[in-house]
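**Student:** For reference, the chains in residue letters:
Number of protein chains: 2
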Amino acid sequence: MNKTPIDFYFDFSSPYSYIASEWIEALAARNGRTVRWHAVLLGVTFQAAGLQSPVSHPIKREYSLLDFARSARHAGVPFVLPEKFPIATQNAARIFWWLAETDEERAPGWARHGLRAAFTRGVDLSDPASLRTLAVEYGLDGDAAAGVCADERWKTRLKEVCANAIGRGVFGAPFFIVDGEPFWGNDRRVQISRWLESGPF
Amino acid sequence: MNKTPIDFYFDFSSPYSYIASEWIEALAARNGRTVRWHAVLLGVTFQAAGLQSPVSHPIKREYSLLDFARSARHAGVPFVLPEKFPIATQNAARIFWWLAETDEERAPGWARHGLRAAFTRGVDLSDPASLRTLAVEYGLDGDAAAGVCADERWKTRLKEVCANAIGRGVFGAPFFIVDGEPFWGNDRRVQISRWLESGPF
Numbered sequence: 001m002n003k004t005p006i007d008f009y010f011d012f013s014s015p016y017s018y019i020a021s022e023w024i025e026a027l028a029a030r031n032g033r034t035v036r037w038h039a040v041l042l043g044v045t046f047q048a049a050g051l052q053s054p055v056s057h058p059i060k061r062e063y064s065l066l067d068f069a070r071s072a073r074h075a076g077v078p079f080v081l082p083e084k085f086p087i088a089t090q091n092a093a094r095i096f097w098w099l100a101e102t103d104e105e106r107a108p109g110w111a112r113h114g115l116r117a118a119f120t121r122g123v124d125l126s127d128p129a130s131l132r133t134l135a136v137e138y139g140l141d142g143d144a145a146a147g148v149c150a151d152e153r154w155k156t157r158l159k160e161v162c163a164n165a166i167g168r169g170v171f172g173a174p175f176f177i178v179d180g181e182p183f184w185g186n187d188r189r190v191q192i193s194r195w196l197e198s199g200p201f
Numbered sequence: 001m002n003k004t005p006i007d008f009y010f011d012f013s014s015p016y017s018y019i020a021s022e023w024i025e026a027l028a029a030r031n032g033r034t035v036r037w038h039a040v041l042l043g044v045t046f047q048a049a050g051l052q053s054p055v056s057h058p059i060k061r062e063y064s065l066l067d068f069a070r071s072a073r074h075a076g077v078p079f080v081l082p083e084k085f086p087i088a089t090q091n092a093a094r095i096f097w098w099l100a101e102t103d104e105e106r107a108p109g110w111a112r113h114g115l116r117a118a119f120t121r122g123v124d125l126s127d128p129a130s131l132r133t134l135a136v137e138y139g140l141d142g143d144a145a146a147g148v149c150a151d152e153r154w155k156t157r158l159k160e161v162c163a164n165a166i167g168r169g170v171f172g173a174p175f176f177i178v179d180g181e182p183f184w185g186n187d188r189r190v191q192i193s194r195w196l197e198s199g200p201f
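Chains as they are written, first to last, in the numbering used here: chain U, 1 to 201; chain D, 1 to 201.
In isolation and in its complexed conformation, chain U is listed as follows:
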């Protein structure tokens, strides 16, 4: 039987997405799977589900900030919370979808590059100049990347992607779909591992 790819939905401003982005490829590879990366906007999926960011709720906010950092230490990945957080990530996501259609193999690398810049160096991905610098660091043409952010084609593509994600039940990030089974959150790593290693349970 062919093993299906793992669908991995992330937002460039989601700490738990960043942590998951550091383990999903290795876990997939160990189990003979590939990963299909999907940059989405949590703002859009939250709205569809009537939700808000965990840091927008009093009391829950303090816990979330502590848990982001502790969950990163638990996973063994470096972590800093960017000074500006959360941020709008549509431009980073548009560059992702531009790459996904024009230079497909480089799209996941851009995702990792952006997530690591945000969550290990505190780079503000919502700042056009910082995003351009990041694109050039990644070997992209700076003008082309900046142009993508303002291009109706990639705006429309990102809207379609978010609508498709919502249609598949995605309401947060990271969100995984494995063999049609949905898993939400970095903390579903143990259940996803079990599923991949020994099948449905």
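These aren't lab readings, by the way, just hints derived from the structure by calculation. There's no promise every hint is true.
[As the list claims (entries may be wrong)] A partial selection of chain D residues facing chain U, derived with a Cβ cut-off under 8 Å:
id	residue
1	59
2	69
3	70
4	74
5	171
6	182
7	187
8	190
9	201
Since we're looking at a predicted model, the values are computed, not measured. Even glycine gets a Cβ: it sits at the ideal position worked out from N, Cα and C.
With the hints as your guide, set chain D onto chain U.
**Tutor:** Frame of chain U; chain D shown alone:
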């Protein structure tokens, strides 16, 4: 150094609290700890934090129902979702706090008895007759237990308990505090185990 007890906050209508209630005592005992059980009302902590039940949000609801059952299978505990869900649990909680003050050692057993009745047999804990039957099954005096539910003393006690929990940062259930460190959710089991076995990380 004396090892501090683990504070375990639960709601009688919380599937994830039920699952956690089935592993917390054994995990604590293996690590030389005891557990202090706290029956709280999620309705009250949700309100303080501006939150709602996961099943009250469209899209998230479908996932949550699937995840309750899958998380129970993952933990190896039987599970059914009661037909009426979620329910008001103040009466089950008042009986808990009555026991906690008058026959302390029997309070955690009442919690487990109620959670198991709800989530393995679908017993409606919000129904006075069902709750009375459950109390009698547990060896309590049915009239006394019914009286507790209407007694201002235990109403007040439960309000104080919820206010204290909110003051300690509790915004959901299950919620654990270990050595002052907060952990939210059945899925923090792995991090709690690590903390207990090898200390802060």
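**Student:** Name the hints, by number, that the structure is in violation of.
**Tutor:** 2
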